[in-house]
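Chemist: Spelled out, the chains give:
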Amino acid sequence: MSNPTTELRAAPEAGPEEKPAPLRRRLVARGDGAWPWLFILPTVFGITVFYLWPIIQTFYYSFTKWGVFGGAKFIGLDNYVRLFSDSSIPQSLLNTIIYTLIVLMGIPIAVVLSALMESPGLKFAGFYRTLYFIPYITMPAAVGIVWRLVFNGDFGPINWFLSLLGIEGPYWTSTPGFALAAVATVGLWMSLGFNLIIIGAGLREIPQEIYEAAEMDGASRLRQFFSITVPLLTPSIFFVSVVTVISGFQLFDLLYVMMGKANLAMPQTQSLVYIFYNHAFLENDKGYAAAVGILILLIIAALTAVQFRVQRKWVNYV
Amino acid sequence: MTHLTRRSILSLAALGAATATLAACSGGAATGGAAAAAYTAPAKDISATLTYAIWDAAQKPAMQKIVDLFNVQYPNIKVNIDVTPSKGSAYWTKIQTLASSDSLPDVFWMNGPKIKLYAENNQLLPLDGLAEAKAVDTSNYPKALVDLYTVGGKLYGVPKDFDTIALFYNKALLREAGVTEPTAAWTWDDLKTSGDKISKFYAGKGVYGFSGDLTGGQTSYYNTILGAGGSIISADGKKSGFDEAGSIAGLQFWRDIIDSGVSPNMQQLTDTLATDMFTSRKLALLMDASYIVGPTHAALGDDMGVVALPKGPTSNQGVIHGLANVIPANAKNPDAARAFVAFLGTKVAAEVQAETATVIPAFNDTQQAWVDAVPGAGLQVFLDAARTASPYPISKNTGAWNSLEGQLLPQAFAGTKPAADIAKDLATKMNEALSQEA
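Line order of the protein sequences matches chains A and B.
The first sequence runs 1 to 318 under the numbering used here.
The second sequence runs 319 to 756 under the numbering used here.
Keep in mind that the hints were calculated from the coordinates and are not lab data.
We treat Cβ as the ideally placed atom computed from N, Cα and C, and that holds for glycine.
It is possible that part of the hints are untrue.
[Unchecked claim] EDC-like, lysine to aspartate or glutamate: derived pairs with alpha carbons at most 16 Å apart: (1) B:K523 to A:D154; (2) B:K747 to A:D253; (3) A:K261 to B:D594; (4) B:K556 to B:E438; (5) B:K405 to A:D253.
[What the hints assert, rightly or not] Label pairs and their in silico Cβ distance ranges: (6) A:F39 to B:T415: 53 to 63 Å; (7) A:W314 to B:A376: 51 to 61 Å; (8) A:I109 to B:T367: 54 to 64 Å; (9) B:N389 to A:F161: 52 to 62 Å.
[Said to hold, decoys possible] Non-contacting residues of chain B with respect to chain A, defined by C-beta distances greater than 10 Å in every case (computed): (10) A376; (11) Q414; (12) G522; (13) I610; (14) V625; (15) S633; (16) S708; (17) G724.
So here's chain B without its partners, still in its complex pose (with noise of 0.2 Å):
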């Protein structure tokens, strides 16, 4: 930096100027599928080499494990794992980005909020023939976890694991309060009434009764939406539904805990989310997805315990979600790539996911071992909920309205606007977003 000139500091400049937010955009073509519709289980020395994308490190393990189990049956199909993180939507991103060049692995995780963005898009190939040439078998997983991944009557997706929702409670917490242990039995005004207690109890000390994470519907107000009777979106994914009298009342539930100091208030959740609360000992009470069950009891230890969702003034009905396999339409090798998938969808790849205990396998009955992982707390509850559970919520554009919950929702929980006014205001913004997908 000798000399500073004039020149010098425009080039600079104006570099600056032209970086990275400009530099984002960039497209091509979809072609649609080359929809090899039927199926029969290729030749076993069929070679080829397939990349699997995923976006959890954590489960890398167990993901190689079941690849060599596949190489058992299909020595010549090579299988790359690869791991793009999906904080901050990098996995997103990339496959996004894939997408649009037409080169998208072979096989990739696929979550709810997307499926039908990419289906409608036809960026995927459809999975009948696996169904029909019995390589896969729908009945073996839950069924709205099936629902989820059939975009115009046709699978996308073949279910890999699960998360669904239930009530954490930590035992020396409650027992310090006197407040007895959540049960089954437990409705809302029980689940308010005990939270008032214990809040009450340690008034002073940071300590709340009952909360949930608010920065996303599933683990929080999607469960109470559906307990107090309305819903998050019609069921043809054109229409929203927070502007009923039961989503209404559902959002109104978390107004009224935050209100009464049964939960920390908005701008308290936002510094330290709930979750990150219970795992610390200040909270006694926590709605959330089955997916924490792992850090948690590594945190407290035998003082968790797990409780199926209080009953609200309809249901205790929870939302499911979980992750599917899929395969791009444009697929260079459809029979590979599907058989690896009927493979991915089999009991034994279930019982390898199982015996890690990070998710629960979407195979029925191979969910024991997840369950067994963590004796005595009650995990049998999120495995009962996936049965009376409700998709998770979706359309085609599904970022669009989340964009808008989290834009919305914190000033009616928080009381800012009452809670109708900000469904109303929520219903019609996304009422318009959806009619903006065709």
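The shape of chain A in the complex, shown without the other chains (with noise of 0.2 Å):
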């Protein structure tokens, strides 16, 4: 090795009798030149080719109308003055916090089913653990596909089921609200894997000393689950619902899927990226496209921020 900061030497090969010379190392070196940025090197260069380089891109496109080969022309702030006078920005605005809020309601559930899957003695425990990750690692396309059969009005398990109870099934994919309501349910049921690992790393975290203690003080069971568990949780809880909150927002393949072409319910339906879909790859305006791609980005980033903010109050790193 060049580096002369670091010398090696290796044990000797002599006879037993010798006594091994001193492993000479410099644990903290002064100065390591550029080493550690080539090592660095190639996860800086793919951040900054695939996600730092088309950030600057679009948001230089979002200035421009672009010409479907190439060619974009600078025309200043139109496309954001389209965007705050296009009617079905604030309708997909709400129907994305609609969604991102129903698929936030799997982190308490998957606080609840954590807390019995870590519980001492339960047999099978991984081969649950296995089942609820199973969704979040499948294709959100499989699973939108299967779903918008099980929903199916007509032909639906879900409706058969309803109709043995004697109630009428909805049209679920294509009734403004349920539909909504449909897609979220999946994308909570997708999540809840994710949710579950995490939370469940959590848990074993939290020392079992601390059970102990609150035992001997004749602590119950739930007293126990919302005095230690829950306190003690919040920092998984926190990272959990940050992301939540940006997949929430980034919700497309799901929809697309589940929902179909001509859909009436789209409107009350289709979220941000939809229409940035919508228009990047369908009608070929890829420039307001990126307009509405800054306008998710900034919301992203924003309730991002507010969640690092709020989140001094009520969670406690140990």
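Work from the hints to combine the two standalone chains into their complex.
Modeler: So, in structure tokens, the structure goes:
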């Protein structure tokens, strides 16, 4: 090695009577030079090329009228002016918020399920964890196709089941209101696996002694759950809520697959990213789509910033 | 996930926020054509490697067979077939990206909605040289198809196959309901009366008389608009026809059959496509395109019948659409590519396609093998329809107003708003989109 600050001597091959030479090594280098940078270069390169550069480009294109095969024309703030007069934006923002709120309800569900799954002596805990995790690693498009059949108004199992109870189920994916609820329910179901893994890991981090002490003091299981489990889980809960909000605002594939084309309920269901997709890929209007994309980025950034502000008040880092 | 710190959460969040929604745009300047106008067939020993981009994996074996036959003539032109599925517009996303970076495949499939976009943006090589050199004779293909691929007086694509529209029917369902099979003499009224009888006969069993796939115009409302004397777009592609009286009547047709219970309602049709209902024996009559013949016959067997579209107030004209083979303007190897496209347009190539019975080849008088593949179903009507059919309606940026149709028309069909109001709204918005095209 050419690095003079690191001198590593191998153990001598000499006989057993000889003392091994001490291994000398500088643990903290004063002048590592460019080496650390070289090691993170692949990551920096990847993020710059595949994330930062496209974001900068998108920002630029949001001020242009896009030529279908390149050749964008600068038009100043026109796309943003149009954005604020576009009547589909407020409705789809509302749809996205409702979707995200419904999916967020998966977090308390995951906390309760995790607590049950981590309870000592439970058989097949690994099996349950796998079961819940499968939807998370399945392609949303595949999940969407299956649920589209499940929610089918005439032939779906849900309405068949409801009919046994004497209830006439709605056309889930094509009735305004029901459609958003249906898509969000599937979104919640898909997110459970990830939430369970994170929250389960958080649960196992909680020192057992705290529970033992609580037991000694006569705290009930319920009291232990609310006074020990939940507070000490707040870092995990905070993490999944940040991730859930971000992914909630990126709703697209599930919606696209479950709703189909020419759906009556689309205006009351479509998300911001769906609007982005429409303009970018169906209408070939990528300049305006870029402006929608920037709007989505700003909303997500703002919501995340707010969450980080508010977490100081409720998250306990041990 | 041992120790969650604010920093680790923040970095993850930042990454998440910057995902693919934003990473979708990139561009480069398009360069205009190296339009080698005149064409003479290249020497037999010309050597080249061509990429042939297609989107239907089911047709790859037929395409490969055509390539093999082509290689008998030109043994040193190697053709690699590259399949990208059209599902979720993957094919077109890829092609458009390749076009932006001047690296389009040497020969690729083109469809109606996209031809003007590519031709008018100077992405394609005019193929008039092929016609002048008699390497391709446009009179061999249905005129509507040649017109579809002629932009600004220049031919940009050699027709490959086509699809036309007809009325499918389920013989068994009709027989059980005591309704006579449709004939070529049927009018819209006959269709409505029979459809009504069938829906009433099967009431409560979830079987309906007649419907169509309303998620797009080609297999449904474009045909009724034509039948009522309306139009979708003016011949020069500059003005919407949706607000014409005939067009409104053509849209109202679907509202009426849904309203009277002849057809399932809009929500049912969204949940289960009319085509799927027909193959599941839940629909007795269906307006649809020739490309569903294969899977439909596989599902229904000899119960499937086909007859010409019923006559509307004006005619029984339907639309014709078909694919073409095109070459990029900046072709690296224009002579080899044109030799291949010329071969793809020959009778021999058409016959290979006909034998596989997947699509109707565009070359006239080679289609009999396709008709014979399902004897007794009356598939000849699709060929007859090609003679009178109207070209699939397009403009430069067809996608923009196709998207508007999908947003607005379901409300007209469902009766949320009167068809006339929706039609006028659609025409206004479509004209706005058309004015943006220039």
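Chemist: List in ascending order the numbers of the hints, as given earlier, that are violated by the structure.
Modeler: Of the numbered hints given earlier, those the structure breaks are 2, 6, 11 and 17, listed in rising order.
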